[in-house]
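With chain A's structure known, arrange chain B on it following the hints.
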Amino acid sequence: MLNRLFGFLLHLYPAHHRDEYGGEMARFFRDRCRRESAWRVCCEVLPDLAITAWREQMETFKRDVAYTIRAGARNPGFVAVVLITLALGIGANTAVFSVVKGVVLDPLPYKNPDRLVRLFEKRPKQGRVRNAISAPDFSDWRQQNAVFDSMTAVSGAGYSMTTANRTQMVRAGQVNASFFDMLGWRTSLGRDFLPSDEARGKNHVLILSYGFWRREFGGDSTIIGRKITLSSEPYEVIGVLPDLDNVIAPEVDVWQPLILNAVPNRGAHFLDAFARLRPGVTLLQARAAMDVIASQLERQYPNENTGHGVNIFPLEEELTGKVRPALLILLGAVGLVLLVACANVANLFIVRVAQRQRELSIRTALGAGAGQLVRQLLTESILLSLLGGAAGIILAVFGVKALVAANPADLPRLHNVDVDGEVLLFGCAIAILSGIVFGLAPAMHVARGKIADTMKLGGRHSAGRSNTRKALLIGEVALSLILVVGSGLLLQSFARLVAVNPGFDTERVLTVDVPLLGPRYSTAAKRLAFHTDLSTKLRALPGVTSIGATNALPLTPRDAGSNFAIVGRPPLGYSQLPNGRFRVVTPGYFETLRIPLRAGRFIAAGDTETAPGVVVINETMVRQYWPGEDPVGKRITLAGDTASNEIIGIVGDVKHYGLDGEVRPEMYFPYAQQPQGTMTVVLRSAADAESLTAAVRNEVRRIDPDQPITRIQTLDEVLSRAVAQPRFYATLLSIFSTLALVLAAVGIYGVMSFGVSQRVREIGIRMALGASAGGVLRLIMKEGLSLTGIGIGLGVAGGLACSRVLGKLLFGIAPTDLVTFAGAILLIVVTATTACYLPARRATRVDPAITLRGE
Amino acid sequence: MEKRAVDDLYGYLPLPPAVFQILVAVADRERHGYAIMQDIAARTDNRLHLSPGTLYGAIKRMLEQGFIEECDERPDPEMDDERRRYYRITDFGRRIANSETERLAKLVSQALASLLPRTRPA
Chain A
0 MLNRLFGFLL
10 HLYPAHHRDE
20 YGGEMARFFR
30 DRCRRESAWR
40 VCCEVLPDLA
50 ITAWREQMET
60 FKRDVAYTIR
70 AGARNPGFVA
80 VVLITLALGI
90 GANTAVFSVV
100 KGVVLDPLPY
110 KNPDRLVRLF
120 EKRPKQGRVR
130 NAISAPDFSD
140 WRQQNAVFDS
150 MTAVSGAGYS
160 MTTANRTQMV
170 RAGQVNASFF
180 DMLGWRTSLG
190 RDFLPSDEAR
200 GKNHVLILSY
210 GFWRREFGGD
220 STIIGRKITL
230 SSEPYEVIGV
240 LPDLDNVIAP
250 EVDVWQPLIL
260 NAVPNRGAHF
270 LDAFARLRPG
280 VTLLQARAAM
290 DVIASQLERQ
300 YPNENTGHGV
310 NIFPLEEELT
320 GKVRPALLIL
330 LGAVGLVLLV
340 ACANVANLFI
350 VRVAQRQREL
360 SIRTALGAGA
370 GQLVRQLLTE
380 SILLSLLGGA
390 AGIILAVFGV
400 KALVAANPAD
410 LPRLHNVDVD
420 GEVLLFGCAI
430 AILSGIVFGL
440 APAMHVARGK
450 IADTMKLGGR
460 HSAGRSNTRK
470 ALLIGEVALS
480 LILVVGSGLL
490 LQSFARLVAV
500 NPGFDTERVL
510 TVDVPLLGPR
520 YSTAAKRLAF
530 HTDLSTKLRA
540 LPGVTSIGAT
550 NALPLTPRDA
560 GSNFAIVGRP
570 PLGYSQLPNG
580 RFRVVTPGYF
590 ETLRIPLRAG
600 RFIAAGDTET
610 APGVVVINET
620 MVRQYWPGED
630 PVGKRITLAG
640 DTASNEIIGI
650 VGDVKHYGLD
660 GEVRPEMYFP
670 YAQQPQGTMT
680 VVLRSAADAE
690 SLTAAVRNEV
700 RRIDPDQPIT
710 RIQTLDEVLS
720 RAVAQPRFYA
730 TLLSIFSTLA
740 LVLAAVGIYG
750 VMSFGVSQRV
760 REIGIRMALG
770 ASAGGVLRLI
780 MKEGLSLTGI
790 GIGLGVAGGL
800 ACSRVLGKLL
810 FGIAPTDLVT
820 FAGAILLIVV
830 TATTACYLPA
840 RRATRVDPAI
850 TLRGE
Chain B
0 MEKRAVDDLY
10 GYLPLPPAVF
20 QILVAVADRE
30 RHGYAIMQDI
40 AARTDNRLHL
50 SPGTLYGAIK
60 RMLEQGFIEE
70 CDERPDPEMD
80 DERRRYYRIT
90 DFGRRIANSE
100 TERLAKLVSQ
110 ALASLLPRTR
120 PA
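For the record, the sequence lines run as chains A and B.
Residue numbers for the first sequence follow numbering that gives the first Met the number 0, so the first one is 0 and each next one is one higher.
Residue numbers for the second sequence follow numbering that gives the first Met the number 0, so the first one is 0 and each next one is one higher.
In isolation and in its complexed conformation, chain A is listed as follows (with noise of 0.2 Å):
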């Protein structure tokens, strides 16, 4: 029993020493155990054998390791293209994965994240899923459910704050004092909201983001019970948070008790809402205990909330929700291009393999058994697929930082992207595996004892290898393939959105956030004086063609809704009322932005507040409430207001939304008559915009030194931004497939002038025997092209299935299309033929009378 345990232990050492010393060890142990006490022979023995078991592997592998550095110095050429191919499939692979690990896979940093929901008011019937709560739905949702531990609702304001030198925006984000219990936050210093600050004339406190408290106090732990002015109010400082991952509100800088009976109007959507699950309550449970409490607030309150349900989404989902299916495809296309490059490198080592068979037959005739050849062939290829991965892991770090830095997609979450220790392990790991996959095709050739057959062959030709370098270059085709397919769809889905008619033209257009907080702007006249002020002197500047200004920029989230009733018509209930997006515009908006006048006329600068009411609206809700009717001159009057505004125009439409956004029906009031919201100017210059932007500052500051400017930018800029995510994941699968094709054709270069080599002799005799060079140019291209259709074959059904997953990222292209199908299959189709005719034409020049001595 012991003996045999003991001949088991063995296997702990190398092969090669095992079968040397294995059989001696063993009869050693025996007669060790027949004279002394079994046991205290096994308490010295075992240990003393782990020991030098581990000694002997690492002697082994030490003289593997020196064997490889020798064996890479004789050959720089073959370890520099090794090296630098592992290092760009691995390091692309170790960057992406640490962009889907922290944007999509690292959990949010909140207590129990999966528990955490956001609610939305829906509309089912006008297709909206998404909307803001009224504070009394709210009020109702919270005290009647008991599917929520608890439950928060947010909102937002902004406010100026004014220090020694300048004056700047204050984003505030008020919130339920539960919200931080609710997100396992705890103030650093000073204490949480209290239930009771949550009242008028209680509520002026204040906790501050940490970074706003660094940057505009210094992180001065004092700051407790300080006072500080937010337009012209004084707020008492009551606590600060610690430096944590705010992904609900990054843009906050300070957070202040919500009050909910503030709008006690059920017709004013403006919270956003947030809740914790009760342990063991499942998202469908909340889903159907909250239909229940819609439906009870639907019969109670049916003129506001007939047709309003509930909402409930994972909080994860709607934070990165969007982008994880995009990453997640980047993630596998990165993962074809390590196996191109693995298959790459497989083919190289079996090139050396064959050009180091003579060694290694010597090495074989010596004694080396082929446990030890395949060890020491395996030993390599780890080796240099670690080289390999240290290297990418360093261009990983550096590409990381570029693209953190950048942020060229506004991808949410990635300041939490960084290449830290389970990133590095991942990048080890695809290392060690790429090495094993690349290393296994050669060592596999040894461990059969091709190397042998080899040998007796005179070293010319092996069917097996080249059967296995055929399959890897079939697979190198196909795998690159796919990859051409998906970027070429990606670049058609991005040329075709670009291609959209956002319904403006961005060209040579300034914007300017100017948000006009304080009581300096609390009534109508005085925001009203301060942009026609704000108008004349900026019209006048140089340069400036024409000026106007908005409440909701186009492809910006600035957006705002309300009710209204068609004159004339019967009358309904609030919440059967038909919804337009409500837009407030100054005269000369439309001729900024170039929005085409359809019908009607624009609004004027007689559209004053003592003038009618009057609106222009767009084609869309032209087509959606006056189908076949011309609308000018009909009224609609606004949920909530008395009097009418008369139609005055129609526009075209404006893709608000993103370029595949829907459009919805839009309703432009002039400003003079609904003189709200924060005003985005707009101003269209002869030459370039951005030269405008420092007297633009000048004029602003002139009329109010202490009004805040929040972002000034054209409006290409805008529109850049608004596609930024697909031209972000079409620019990387385009990388990623260039870098497969460019391995693709070395690879099939390498395999064929390698074929070229081995059959030299085959040529010479077929050319001594008549053969043209024609002739064998088509023979060598044929066998080429031929593998490469096969490759292709396989490609296009791969291709076909990848490009599905694609189709939620596809834009007016479909996942099949034809087209890109074909211009990829001719791109491979061109590579592989480049790639080929240079052997090809080498084959041409063999000499048959110098190959004919040879033999």
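The set of hints was computed from the structure by calculation and includes no laboratory data.
Hints may contain errors.
[Unchecked claim] Okay, the calculated bits of chain A under chain B, using three or more residues with CB under 8 Å as the criterion:
#, region
1, 16-26
2, 34-47
3, 50-56
All C-beta atoms, glycine included, are put in the ideal place defined by N, C-alpha and C.
Relative to chain A, chain B alone:
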């Protein structure tokens, strides 16, 4: 040339205790592994029992370095009829063992000279 050979010898010193003991064990006669262990144990008053891992690891390296050589494989008449590998010292091994012995002797005489007089009564 001779100088270099001596330098080469010194490059191997000091020898690990197990290696030195094995050289001593096979210096006078050929022995197999278990007999080497027994000899060492006897000479060290049972203080040094080489386990098979250490013993054969050392034997492997000593064979590679040319300190010892394998002579043949035959049964030990005192044990059983199983064939065992016997090892004997090489000339090179003997020179190494001698050098190590000299080195140790010098060390001991130096230690005696500097340590013992102090412990003797004046």
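How the hints compare with the structure:
With 6 residues bearing a CB less than 8 Å from a CB of chain B, the region 16-26 of chain A meets the requirement of three and the coverage assertion stands. With 3 residues having a Cβ less than 8 Å from any Cβ of chain B, the region 34-47 of chain A passes the three-residue criterion, so the hint holds. Under the rule that three or more residues need a Cβ within less than 8 Å of chain B, the assignment of the region 50-56 of chain A holds, with 5 such residues.
Consistency note: the structure conflicts with none of the earlier hints.
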